[in-house]
Amino acid sequence: MLAGIIGGTGQMGRFFAGVFEAAGWETIVSGRKTSLTARAVAETADIVMVSVPIRATVGVIREVAPLLSDEQVFCDLTSLKVEPVRAMLASRAEVIGLHPMFGPGAASLRGQTIVATPARCSPETLDALLSVFRDQGAAITLSTPEDHDRMMAVIQGLTHFGTLAKAEAIRRTGTDVAETLRFTSPVYRIEMGLVGRLLAQDAGLYGDILQMNPAVPEVLAAFEEAVRMLREIVESGDDERFQAFFAENAGHYASYLRAATEETDDLISHVVSR
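With the UniProt record's numbering applied, the sequence shown covers 1 to 274.
Among the clues, some could well be false.
Stated by the list, open to error - Computed Cβ-Cβ distance ranges for the label pairs, DEER-style:
id, residue 1, residue 2, range
1, Lys33, Glu235, 35 to 43 Å
2, Glu26, Glu191, 43 to 51 Å
3, Arg62, Arg110, 29 to 37 Å
4, Glu124, Glu232, 55 to 63 Å
5, Arg39, Arg182, 50 to 58 Å
6, Pro214, Arg39, 37 to 45 Å
These are calculated hints, taken from the structure and not from any lab test. Beta carbons: idealized from backbone N, C-alpha and C, even for Gly.
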């Protein structure tokens with residue numbers, strides 16, 4: 001079997017080329033500076049995978065979609081699924097959207113999650129592709145493109161927005177980040193580590209995740225209202241209102257509280273023992 005990755009010279013493309021090679025597949029890749037073109041990949045490979053920046057994905061898919069036959073499988077690795085999957089369905093190929101929930105710096109697929117949004121494929125085709133990932137330790141979550149994007153508005157959109165808002169608030173106070181670490185607890189270092197980790201990466205990726213998912217604005221509106229309400233409760237000094245707010249949220253998260261405590265205890269122990 002031949003896997004072809006358009007954008008395969010990028011970090012994520014190289015990662016998945018290695019995944020297919022480890023599974024015994026032949027691989028070909030195209031990139032901006034390769035002699036092999038996206039068109040050649042689309043006309044040759046059994047599985048054609050698009051791994052380019054979010055803003056470029058739909059355009060690249062539309063460029064090669066007319067070249068694919070019904071004997072091929074068309075995939076993408078984008079953080080959004082509705083529009084890329086819709087564009088892939090214009091081809092004659094079987095279509096499976098993919099979203100790896102990790103960055104290209106991962107050592108392997110072991111313990112990682114990949115969300116798959118099969119849109120037009122046989123059960124045999126889906127199983128054959130997902131087995132490549134499962135056999136190397138990945139967990140697979142099946143979803144529709146619409147449900148995926150709504151979930152990503154919370155998992156990625158709200159999380160990244162909150163992290164960036166925290167970074168901006170700290171900057172606005174004029175607080176020296178290095179100085180805060182002298183006063184810190186392990187939990188604060190973990191929180192600040194997430195801020196620093198995000199800011200050390202590509203702004204374009206996070207901008208696209210926040211700006212191109214149509215489900216994000218509704219989630220951010222809920223976040224804005226939550227911040228307004230919580231600030232009002234805090235500034236009121238009303239302990240009963242705060243207790244009620246806290247209890248309502250603890251109830252919503254009840255099934256996760258124990259696991260969250262155990263997981264973060266492990267993280268704290270690791271930070272302390274470094």
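Checked hints:
Against the hinted window of 35 to 43 Å, the Cβ-Cβ separation of lysine 33 and glutamate 235 comes to about 56 Å, which falls outside the hint. In this structure, glutamate 26 and glutamate 191 meet the distance hint of 43 to 51 Å, their C-beta atoms being roughly 45 Å apart. Taking the beta carbon of each, arginine 62 and arginine 110 are about 35 Å apart, inside 29 to 37 Å as hinted. One distance hint, 55 to 63 Å for the beta-carbon pair glutamate 124 and glutamate 232, holds here, with the actual separation near 56 Å.
Distance hint check for arginine 39 and arginine 182: the Cβ-Cβ separation is about 57 Å, which falls inside the suggested range of 50 to 58 Å. Between proline 214 and arginine 39 the beta carbon distance is about 30 Å. The supplied range of 37 to 45 Å is therefore violated.
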